[in-house]
Amino acid sequence: MAGFQSAAQVQRVRAEAARPWLSPINRRRWQNFKANRRGYWSLWIFLGLFVLSLFAEFIANDKPIIASYKGELLFPVVVDYPEEKFGGFLAVTDYRDPFIQEEIEANGWMIWPPIRYSYRTVNSEIPEAAPAKPSWLYTKEERCSRYPLGVDDPNCTMGNWNWLGTDDQARDVLARVIYGFRISVLFGLVLTAASAVIGVSAGAVQGYFGGWTDLIFQRFIEIWSSIPVLYLILIIAAVLPPGFWILLGIMLLFSWVAFVGVVRAEFLRARNFEYVAAARALGVPNRTIMFRHLLPNAMVATLTFLPFILNGSITTLTSLDFLGFGLPPGSPSLGELLRQGQRNLNAPWLGITGFLTLSVMLSLLIFIGEAVRDAFDPRKTFR
Amino acid sequence: MTSPLLSIRNLSVAFTQGDRETLAVDRVSFDIRPGETVALVGESGSGKSVTALSVLKLLPYPAASHPSGEILYGGRDLLAADENHLRRVRGNEISMIFQEPMTSLNPLHTLEKQVGEVLKVHRGMSDRAARERTLELLKQVGIREAEKRLGAFPHQLSGGQRQRVMIAMALANEPKLLIADEPTTALDVTVQAQILELLARLKREQNLSMLFITHDLGIVRKVADRVCVMTGGRIVETGATADIFSNPQHEYTRHLLAAEPKGEPPRSDPSAKKVLEGDNIKVWFPIKKGLLRRTVDHVKGVDGVDVTVRAGQTLGVVGESGSGKTTLGLALSRMIASEGEIRFRGEPINRRSFRQMRPLRREMQIVFQDPYGSLSPRMSVAEIIQEGLKIHEPGLSAEERDRQVVEVLEEVGLDPEARFRYPHEFSGGQRQRIAIARAMVLKPRFVMLDEPTSALDMSVQAQVVDLLRDLQKRHQLAYLFISHDLKVVRALANEVIVMRAGKVVEAGPADQIFHAPKTDYTKALIAAAFDIATAPTGVVSE
Numbered sequence: 001m002a003g004f005q006s007a008a009q010v011q012r013v014r015a016e017a018a019r020p021w022l023s024p025i026n027r028r029r030w031q032n033f034k035a036n037r038r039g040y041w042s043l044w045i046f047l048g049l050f051v052l053s054l055f056a057e058f059i060a061n062d063k064p065i066i067a068s069y070k071g072e073l074l075f076p077v078v079v080d081y082p083e084e085k086f087g088g089f090l091a092v093t094d095y096r097d098p099f100i101q102e103e104i105e106a107n108g109w110m111i112w113p114p115i116r117y118s119y120r121t122v123n124s125e126i127p128e129a130a131p132a133k134p135s136w137l138y139t140k141e142e143r144c145s146r147y148p149l150g151v152d153d154p155n156c157t158m159g160n161w162n163w164l165g166t167d168d169q170a171r172d173v174l175a176r177v178i179y180g181f182r183i184s185v186l187f188g189l190v191l192t193a194a195s196a197v198i199g200v201s202a203g204a205v206q207g208y209f210g211g212w213t214d215l216i217f218q219r220f221i222e223i224w225s226s227i228p229v230l231y232l233i234l235i236i237a238a239v240l241p242p243g244f245w246i247l248l249g250i251m252l253l254f255s256w257v258a259f260v261g262v263v264r265a266e267f268l269r270a271r272n273f274e275y276v277a278a279a280r281a282l283g284v285p286n287r288t289i290m291f292r293h294l295l296p297n298a299m300v301a302t303l304t305f306l307p308f309i310l311n312g313s314i315t316t317l318t319s320l321d322f323l324g325f326g327l328p329p330g331s332p333s334l335g336e337l338l339r340q341g342q343r344n345l346n347a348p349w350l351g352i353t354g355f356l357t358l359s360v361m362l363s364l365l366i367f368i369g370e371a372v373r374d375a376f377d378p379r380k381t382f383r
Numbered sequence: 001m002t003s004p005l006l007s008i009r010n011l012s013v014a015f016t017q018g019d020r021e022t023l024a025v026d027r028v029s030f031d032i033r034p035g036e037t038v039a040l041v042g043e044s045g046s047g048k049s050v051t052a053l054s055v056l057k058l059l060p061y062p063a064a065s066h067p068s069g070e071i072l073y074g075g076r077d078l079l080a081a082d083e084n085h086l087r088r089v090r091g092n093e094i095s096m097i098f099q100e101p102m103t104s105l106n107p108l109h110t111l112e113k114q115v116g117e118v119l120k121v122h123r124g125m126s127d128r129a130a131r132e133r134t135l136e137l138l139k140q141v142g143i144r145e146a147e148k149r150l151g152a153f154p155h156q157l158s159g160g161q162r163q164r165v166m167i168a169m170a171l172a173n174e175p176k177l178l179i180a181d182e183p184t185t186a187l188d189v190t191v192q193a194q195i196l197e198l199l200a201r202l203k204r205e206q207n208l209s210m211l212f213i214t215h216d217l218g219i220v221r222k223v224a225d226r227v228c229v230m231t232g233g234r235i236v237e238t239g240a241t242a243d244i245f246s247n248p249q250h251e252y253t254r255h256l257l258a259a260e261p262k263g264e265p266p267r268s269d270p271s272a273k274k275v276l277e278g279d280n281i282k283v284w285f286p287i288k289k290g291l292l293r294r295t296v297d298h299v300k301g302v303d304g305v306d307v308t309v310r311a312g313q314t315l316g317v318v319g320e321s322g323s324g325k326t327t328l329g330l331a332l333s334r335m336i337a338s339e340g341e342i343r344f345r346g347e348p349i350n351r352r353s354f355r356q357m358r359p360l361r362r363e364m365q366i367v368f369q370d371p372y373g374s375l376s377p378r379m380s381v382a383e384i385i386q387e388g389l390k391i392h393e394p395g396l397s398a399e400e401r402d403r404q405v406v407e408v409l410e411e412v413g414l415d416p417e418a419r420f421r422y423p424h425e426f427s428g429g430q431r432q433r434i435a436i437a438r439a440m441v442l443k444p445r446f447v448m449l450d451e452p453t454s455a456l457d458m459s460v461q462a463q464v465v466d467l468l469r470d471l472q473k474r475h476q477l478a479y480l481f482i483s484h485d486l487k488v489v490r491a492l493a494n495e496v497i498v499m500r501a502g503k504v505v506e507a508g509p510a511d512q513i514f515h516a517p518k519t520d521y522t523k524a525l526i527a528a529a530f531d532i533a534t535a536p537t538g539v540v541s542e
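Chains as they are written, first to last, in full-length UniProt numbering: chain A, 1 to 383; chain B, 1 to 542.
Hints listed in this document are in silico derivations from the structure and should not be mistaken for laboratory results.
Because the structure is a prediction, the values reported are computed rather than measured.
We put the CB at the ideal spot given by N, CA and C, even for glycine.
Don't take each hint at face value.
Okay, the calculated beta carbon distance ranges per label pair [unchecked claim]:
(1) B:62 to A:213: 41 to 49 Å
(2) A:296 to B:75: 53 to 61 Å
(3) A:360 to B:287: 17 to 25 Å
(4) A:268 to B:356: 35 to 43 Å
(5) B:288 to A:268: 16 to 24 Å
(6) B:106 to A:232: 40 to 48 Å
(7) A:360 to B:17: 48 to 56 Å
(8) B:304 to A:213: 30 to 38 Å
(9) A:193 to B:399: 34 to 42 Å
(10) B:288 to A:377: 35 to 43 Å
(11) B:304 to A:232: 37 to 45 Å
(12) B:123 to A:213: 25 to 33 Å
(13) B:280 to A:193: 51 to 59 Å
(14) A:193 to B:394: 30 to 38 Å
Just chain A, same shape as in the assembly (with noise of 0.2 Å):
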């Protein structure tokens, strides 16, 4: 009876001979993703802000988007046109400069950003001293106040608002906080990227080969991850020059080792699974059994870990910028406009940007973090 009914059985499953693109097992996890609605709100959040951010010269920037100047159109977000090019003589045009604006204006048009400011721009209109207050806190009168033609002044315009104030030299906070979460998110992309690939790599290694492998690996990890990061970070930032590769460098030299330990483990247990000693006895290489049947099964453990080792990461950038050690004087960081809050208690604007725009960020990523652990919870049955 329930013998040869199995022939009988699998007939009458269609020949799907195309498989949907998601395996069922996929399929499966996206709707546990799926079911847990803040984290699958929060994917699509983060996603929207991170693409805006990446076009974040087209929002923000002290260039204007497209102009046409005498029958010719130019793309000076593009392309830096020298100034003479419009009767100037600096080697690189500044568009706020009302001279080339009324001369660029006279010949053609332009579409400015929505944000007339870069994250270095500085403000040289503002009413009072820096660091000024957003701009809707100001009548027209004083917003206006510092402009050549005062209230009718063609700049004195929404577009040229500091919609968050200012910093203390007198730069956009909105402007640097849109360019502050792309590097922010970008640094922390790629790090937790490079330290997954180094890390998986590292804990495969020595969960499939275990024995001296494993236990002089396991010695030299214990060793390594014992080191104070920070002070060493500190150290070496005060020996090298700071940059986003740098740092990017350094920070990875310690990272990796988060990984190590799931993915070793997950090995450890799997290499002993019968069917990678089915794989072993069909003679297949080493390399492949590690890639094609042991990697699947920790990649659930790295995935799972994933958005909250790119929180880590996100957060000691930050904290180092606080400090000063991160990135270089002037790049637009979260960090450093916490600092500013800290030192401009008079301008409360900037610390609650910066804690604001820091704890969206992080909770976005820990609620996409939470759905994804859900996704990939075996014993999630049901809700």
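Knowing the structure of chain A, use the given hints to seat chain B on it.
Just chain B now, kept in the frame of chain A:
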């Protein structure tokens, strides 16, 4: 007729997963009278364990629910009872023992604490009283030198002893009903016989009622007064044990009874070509001690075994667990290091490295015990079967590989369309067929079969045995068949070696071993397997 102790009326169990609801048990009714043993028999997935677990409401609620039914015990419906009442019943009046004695004991507690805790919690006994009662219980369940064992941890006990301790814990509060969920499935046949005898004795002495869940009809015949045959969540037949066995009414019962592995092994042919030979095979695991990790002694996994496997013939390797059967098989197929010469088709292979072995892997294949573990859950059936082809015949085109996969799937009795699906969509028997197909697609000459039928239901076992015999005949395969299940070995092997503690106890033609065993150990194995009879102490492990 006495009134029933436990009465199950129209019990249904449904599981909700996502928005899908599956009915696992469908309106099941039966009674258990005082002092009676009722057996629930069925194959895996028939709903017998779920029925038993719902008696004590141990299912994962709220994923599980009871659309209908009542479970009457002592005049109260347990399904409607509150948690307080249930707690009083659980472990006190109705207790339960499970299949897996390895994991049902807390590894961090001594026996005294393990058993004593039950007494202290339910009875409020003092330490001293609990200790005395624990000792008494351990003696009752046949743990020898119980005083010395009080301080022992679970890992210091054998599987059989652990199951005895589980039974002691279950009996601690003198329950009226014991639910035994496949209590001997994870044990050796010899130990199984001992545990069953213990349960029978306890039932006699204490007038215990038992609900016994098993898939093994041999056990049912031995222990049960009445039998309920379950399939697909329903009870299809109920009756006294003798009636069911002598006069089965339902088609499914007859099918179950007829499901023993049958057929004759290949005829012995001493002139057949030797495929694999092993001389004086030794696998010793070193025991290292001290700071310098010097080897002080060895665990002799396999200790000087000679084997010859011939084309078209089957060598059966039998023995209790831990006797070194699988280790021997792995050593012969060069999956683990060993001493002694191994020749494959006349050529010594014991000095080859893993890499040098690779070309030979094609001709030496292994089929593993657990069809759930031996197929990668992330690969489709086609990918699983093709894996070996890709390595050993890298020149094949995709179409040619696909053609071979189709061919081999048909050969093992599966629909070729199955190749687009994933292992989890198949039953145990079908999976084992896929595992066999994976080995067969390479056209091997030697196949090591490591308990390939142990994880399967009885009726599926018989089919897999038929399939293996069929393939052997067609391709003149040499089998090394490792099993603790003598019934299956009898149906497949024409030569048998009996192993104990790494050594060969007895070897010879299968007929001679089964009909005229020489050693007490072999006799005990055969008695336990075919008659579920216990051997005198000391002959087999406990």
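Hints versus structure:
1. The supplied range of 41 to 49 Å is met by residue 62 of chain B and residue 213 of chain A, whose beta-carbon atoms lie about 47 Å from each other.
2. Between residue 296 of chain A and residue 75 of chain B, the C-beta spacing of about 54 Å keeps the proposed range 53 to 61 Å intact.
3. With their beta carbons about 59 Å apart, residue 360 of chain A and residue 287 of chain B fall outside the hinted range of 17 to 25 Å.
4. Under the hint 35 to 43 Å, the C-beta atoms of residue 268 of chain A and residue 356 of chain B, about 27 Å apart, miss the expected range.
5. The supplied range of 16 to 24 Å is met by residue 288 of chain B and residue 268 of chain A, whose beta-carbon atoms lie about 20 Å from each other.
6. Checked against the hint of 40 to 48 Å, the C-beta distance between residue 106 of chain B and residue 232 of chain A comes to roughly 44 Å, which is consistent with it.
7. For the pair residue 360 of chain A and residue 17 of chain B, the beta carbons lie near 35 Å from each other, so the given range of 48 to 56 Å is not met.
8. Judged by the Cβ atoms, the range 30 to 38 Å given for residue 304 of chain B and residue 213 of chain A holds: they are separated by roughly 32 Å.
9. Checking the proposed 34 to 42 Å range against residue 193 of chain A and residue 399 of chain B shows it holds: the Cβ atoms sit about 38 Å from each other.
10. Taken as a hint, the range 35 to 43 Å holds for the pair residue 288 of chain B and residue 377 of chain A, whose Cβ atoms sit roughly 39 Å apart.
11. The hinted range of 37 to 45 Å is not satisfied by residue 304 of chain B and residue 232 of chain A, whose Cβ atoms lie roughly 58 Å apart.
12. At roughly 54 Å, the beta-carbon separation of residue 123 of chain B and residue 213 of chain A lies outside the given 25 to 33 Å, and the hint is violated.
13. Checked against the hint of 51 to 59 Å, the C-beta distance between residue 280 of chain B and residue 193 of chain A comes to roughly 54 Å, which is consistent with it.
14. At about 32 Å, the CB distance of residue 193 of chain A to residue 394 of chain B agrees with the hint of 30 to 38 Å.
Comparing the model with each earlier hint shows violations of hints 3, 4, 7, 11, 12; every other hint is respected.
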